[in-house]
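Asker: Chains as they are written, first to last, in this note's numbering: chain H, 45 to 353; chain R, 2 to 319; chain C, 553 to 1101.
Treat the hints with care, since some could be wrong.
Computed, partial: chain H to chain R, Cβ under 7 Å [as the list claims (entries may be wrong)]: (1) Val59; (2) Leu177; (3) Leu179; (4) Leu181; (5) Ile184; (6) Ala185; (7) Phe189; (8) Phe197.
Here are the simulated SDA-like pairs of lysine to any residue, each with C-alpha atoms no more than 20 Å apart in a straight line [what the hints assert, rightly or not]: (9) Lys780/C x Asn820/C; (10) Lys1052/C x Asp1035/C; (11) Lys707/C x Ala98/H; (12) Lys104/H x Glu708/C; (13) Lys168/H x His268/H; (14) Lys170/H x Asn52/R; (15) Lys1052/C x Ser1039/C; (16) Lys1030/C x Asp1064/C; (17) Lys780/C x Ser215/H; (18) Lys202/H x Lys1052/C; (19) Lys267/H x His250/H; (20) Lys660/C x Ile647/C; (21) Lys202/H x Asp809/C; (22) Lys202/H x Leu817/C; (23) Lys780/C x Arg144/H; (24) Lys227/R x Leu217/R.
Here's a subset of chain R near chain C, in silico, CB distances under 10 Å, partners left out [said to hold, decoys possible]: (25) Ser93; (26) Gln103; (27) Tyr105; (28) Ala171; (29) Arg277; (30) Leu280.
FYI, nobody ran anything at the bench for these hints, they're computed from the structure. Heads up, the beta-carbon is just placed ideally off N, CA and C, and yes, glycines get one too.
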Amino acid sequence: MIWYIVRRLLQMIPVFLGATLIVYLLAFAASGDPILTLAGDKPISPAVEQQLRAQYNLDKPVIIQWLIYLGNVVRLDFGVGFNGRPIADQIAAAFPVTIRLAIIAVIVETVFGVIAGVISGLRKGKLIDTTLLILSLLVIAVPTFVLGFVAQFILGVKLGIAPINVGRDPSWQNLLVPGFVLGAVSFAYVLRLTRTSIAETVGADHVRTATAKGLSRGGVVTKHILRNSLIPVVTFIGADLGALMGGAIVTESIFNIPGVGTLLFRSINAGEAPMIVSLVTLLVIIFLLSNLIVDLLYAVLDPRIRYAK
Amino acid sequence: MRSDNRAPQRPKAQHWVAPLDETPLQEVDAADTSSTPRSLWAEAVHNLVRNPVFIISALLILLVLFVAAFPGVFTSQDPTYGNLSSANKPASAEHPFGTTRQGYDTLARTVWGTRTSVIIGFFTMICSTILGGAIGALAGYVGGWIDEIVSRITDIFFAVPMILGAIVIATRLGEMNMWTVIMVLSIFGWTNVARIMRGAVISTKSQDFVTASTALGAGSLTNLLKHVIPNAIAPVIVTATVNLGVFIVAEATLSFLGVGLPTSAVSWGGDISRARDALRNQPMMLFYPSVALAITVLSFIMLGDAVRDALDPKARKR
Amino acid sequence: MALSRRSMMLGTAATGVAAATLAACTGGSSGGSGGSDGGSGSGEMIFANTTEPENPLVPTNTGEVGGGRVVTSIFAGLVYYTADGKAENDLAESIESDDNQHWTIKIKSGLKFSDDSDLTAQSFVDAWNFGANAANAQLGQYFFEPIEGYADLSKEDVAADAKLPGLEVVDDTTFTVQLVSAQSDFPNRLGYSAYMPLPASAFDDIEAFGEKPVSNGPYMVDSWTHDKEIVLVPNPNYDGPRKAKNSGITFVVYDSDETMYNDLLADNVDVIDQIPTSQLQNFESDLGDRAVNDPGAVFQSFTLPGYDSNFEGEAGALRREAISRAIDRKSICDSLFFGTRTPATDFVAPVIPGGGATDIEGADVLEFDEAKAKDLWAQAEAKSPFKGPLTLAYNADGPHADWVEAVCNSLKNTLGIEANPTPFPAFGEMREQIRARKLMGTWRSGWQADYPSMYNFLGPLYGSGAADGNGSNDGDYKNPEFDQLLSDGLAAESEDEAIKIWKQAEALIMRDLPVVPLWYQNTFGGYSSLVSNVEYGWDTVPLYYEITK
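Chain H on its own, in the form it takes in the complex (with noise of 0.2 Å):
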């Protein structure tokens, strides 16, 4: 088990490297001037422009600005912004909002998503079935920000019983509406995967065996369906957590929730290369790691998986 954590670590460390390299390139592969940018409306004398670019290391090569940038990142410093403040600090100040947002919307998923899996799979065929099914299948094809703009209208502007935007207060509260969106999708995602792990496992010899030997409906439910029906349901969710982290983007542009996503739609507008790869880095990491803790979970829930090595 030990041996098999530290084989996927090590296998972390060249994906690492090499989403950072590609994120630094592409921040950097085009025109785009990040000092012009700053400058703005207003002229810059060249002298200035010079000393800024010194400054942000953008005189380099990109692939110096690169070794630069991850000799800094081995001693945790991550540089300072355009703005003049530590990238840490900005980066700390907008993560635990996003986790928070990302931490609703897999609560959202997860419960609702599994319960309506459930009823469905049990049910199949019936009409709570096809109404689960169709809503479904109707989440999945309104993209993010339409449900997003949606919500902000009904429950926002027309109803008034929700902010329309989160702003400078990303409260558990007021991230409630936001959550529910960005989780909306992946909630649809796993209830579909519920029902068809359900309905496969209530035909499963073990349950007929649990069945005819007498067990109550609800704990062959919660024992012997439940259990093993939800495996692949973790591995999606597992997945996910690290999708949602992106897709966040979206959902904080609409709500105007100051996460993450905000952040990094913003650095990427001003080119600011530093900002851009250490979020896109964080991503990757989280994104890794709970891929890892899922692989882990395996082992918990099904017992025919064991790592040997």
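With the hints as your guide, set chains R and C onto chain H.
Answerer: Then chains R and C, alone, in the frame of chain H:
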């Protein structure tokens, strides 16, 4: 046939056979012995045409394709003709869906936007499937250290969410057009096809008929192309169909965020983004392109579902 | 003044005028105005909108609106600007010159920063030397351009301690400034934030200083919670004309105009100077007489570069006029901007003395005339065919997509040509292309004055000295006659005389159209039901110190 023979094997023993309805396992295993054997594909088609989900989605897709091919049938207005003197008008005979802030005819925008979405969705699906299919097949079939390297590269691209990666590239590219959008989406959209292709190839290549073919002297490329890929491609087709819907949404999302197609292009995503400013005073501006987008995506996802049910024998059992 | 000052007055106009007069009178005297204790204002804290400052609060490094409004609230310079764009003495006792080139500046005595350290002539000279030295990489460095010695401090390998030879401290309250050439509007510039004084302690660690500056203006920073709010309280050591009439300002950072607007409706924020696009149609009916919509200080246009062969020579001149006449400015201002823009009649924003003139010779080219536009275009085509399509570039990170599209549609519909909006994802990318003179076709241009002077709208944008990459004359317009009139105006005896000369200069660019004027952006915003005496400055930013609650 064999089950028929089973009974007479022990003629003297008391034999009790449970009624069929209590043993659905037998029902599942039962095969129609009278018909001629069908290939996976013939079986799939046979199942598809009996699936209402497929019928509905196919009809919707035909409609969407028809609108994309012949937008002129549905509107006579030019979607790029904007005249401020007729801006912000409610629905009328001349403009059945009303007009936008720029004075465009909303119906024309919605109808012509279909073409943009369908072209981008379709070509991104083709590009990403070929790219992902080739990479996945290579990794799965060759194996060894090539598999290890290719898998790590796939991980890198898989770990960067598609929209995020696309935004970063699109911002750098400057002005986008349909082909650059297709390229950008393909760069980050091939990974799930690659993974599925790799898995399918690995499980197929160790099967008996491939071994038999090798034993008969077939080269490895012949083997890959003639035996492995055709038998591994079913799950790839399912994924690709669902991806088509995903790519249409992704294009709309990029345009929505302002890094996709320029405002001069007729695109649902762009129109939805602009409807945001009219949310309070003309909420219907949001309605039409959103519904069109939802119907299109829905039909492709439903088709993916139906195709999966048809191609996947395990799913069919349910 | 083409525009009456009344239109800028808001709230109770009478009180506004009275307050301004009173403030001007108290200027020289040391007396605290009746009642308020120890300099701290009375009444309640005012809540106002801002965006997160892009840089630490260092005056020479702050050019954008978010930080600018804070910097001008916490620092005081030699002069300040009244609501109608007049420069009045703030810390200065007198700013005098015989030849408009050698200036002697006297400041009031006994001035102090908020930490009780002395503010002397040296505080100004040190701050200006710091700002002008390229080694310090201050974004406002170009402001010191008129001062003798600027060129040497702009070299790439300048010594960190190099100073401007044109500045000389005479005594604690006097210093002299030598300019490169005669500039009659030099005193007008001195209210801009780049010219604010700094305490000696600032230079030890300027970044740290910018996080919580020791300042000398009407307010001082109490706390700055990044991305949330900046709390200012009255500075007891400030006793000038802009003395706070409230007990402080909390600048609330808004990332979204929508949130800001809803907060205003709920009286959660007291004064805002932005209205979200989605509410332009209804904000005046929502807010009633608390809505503000008056001509402002921003001029918008698009540039037709002189080096694009389409716009050269005789055909080019015809084409420029055809394009200008083909744009229905009024429709765009009314229908797209719901009256929050005013169609341009000249090249200078209307709140600037001399700006918004309707009597410039040849100004009829700014009127929409479909037939004439078509005719002119056809004439141009006969001389040399247009190598199209016409493109209008803009930066997509700003709020320009809508109007650029509308302008292109107007050109398309009128001239029957292909006209395409060309977005650049970020402003820097467009600037880079423009600076390399690689951007063909047209591009959006705009100007918000740094200080209220007509010259600021003309010299830096169309003067030959600012062409070829030496300034903001990006279209490389060169006209010796125009240059002569510009410098004549600078050497003029009085401001009125200067305005007269500069209007003649405007007639020349009205004929040549190096840029096509579009409209002036209005000052628009609103205030809550809790406050009064709300007045917006010439630069569209509210005069926070006057607001009472």
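Asker: So, for every hint listed, does it hold in this structure?
Answerer: Now for the hints, and whether the structure bears them out:
no., hint, in the structure
1, Val59, "5 Å, holds"
2, Leu177, "9 Å, violated"
3, Leu179, "12 Å, violated"
4, Leu181, "6 Å, holds"
5, Ile184, "6 Å, holds"
6, Ala185, "4 Å, holds"
7, Phe189, "5 Å, holds"
8, Phe197, "6 Å, holds"
9, Lys780/C x Asn820/C, "14 Å, holds"
10, Lys1052/C x Asp1035/C, "15 Å, holds"
11, Lys707/C x Ala98/H, "15 Å, holds"
12, Lys104/H x Glu708/C, "17 Å, holds"
13, Lys168/H x His268/H, "18 Å, holds"
14, Lys170/H x Asn52/R, "17 Å, holds"
15, Lys1052/C x Ser1039/C, "13 Å, holds"
16, Lys1030/C x Asp1064/C, "10 Å, holds"
17, Lys780/C x Ser215/H, "14 Å, holds"
18, Lys202/H x Lys1052/C, "54 Å, violated"
19, Lys267/H x His250/H, "11 Å, holds"
20, Lys660/C x Ile647/C, "12 Å, holds"
21, Lys202/H x Asp809/C, "18 Å, holds"
22, Lys202/H x Leu817/C, "15 Å, holds"
23, Lys780/C x Arg144/H, "18 Å, holds"
24, Lys227/R x Leu217/R, "14 Å, holds"
25, Ser93, "17 Å, violated"
26, Gln103, "6 Å, holds"
27, Tyr105, "9 Å, holds"
28, Ala171, "8 Å, holds"
29, Arg277, "7 Å, holds"
30, Leu280, "6 Å, holds"
Consistency note: the structure conflicts with the earlier hints numbered 2, 3, 18 and 25.
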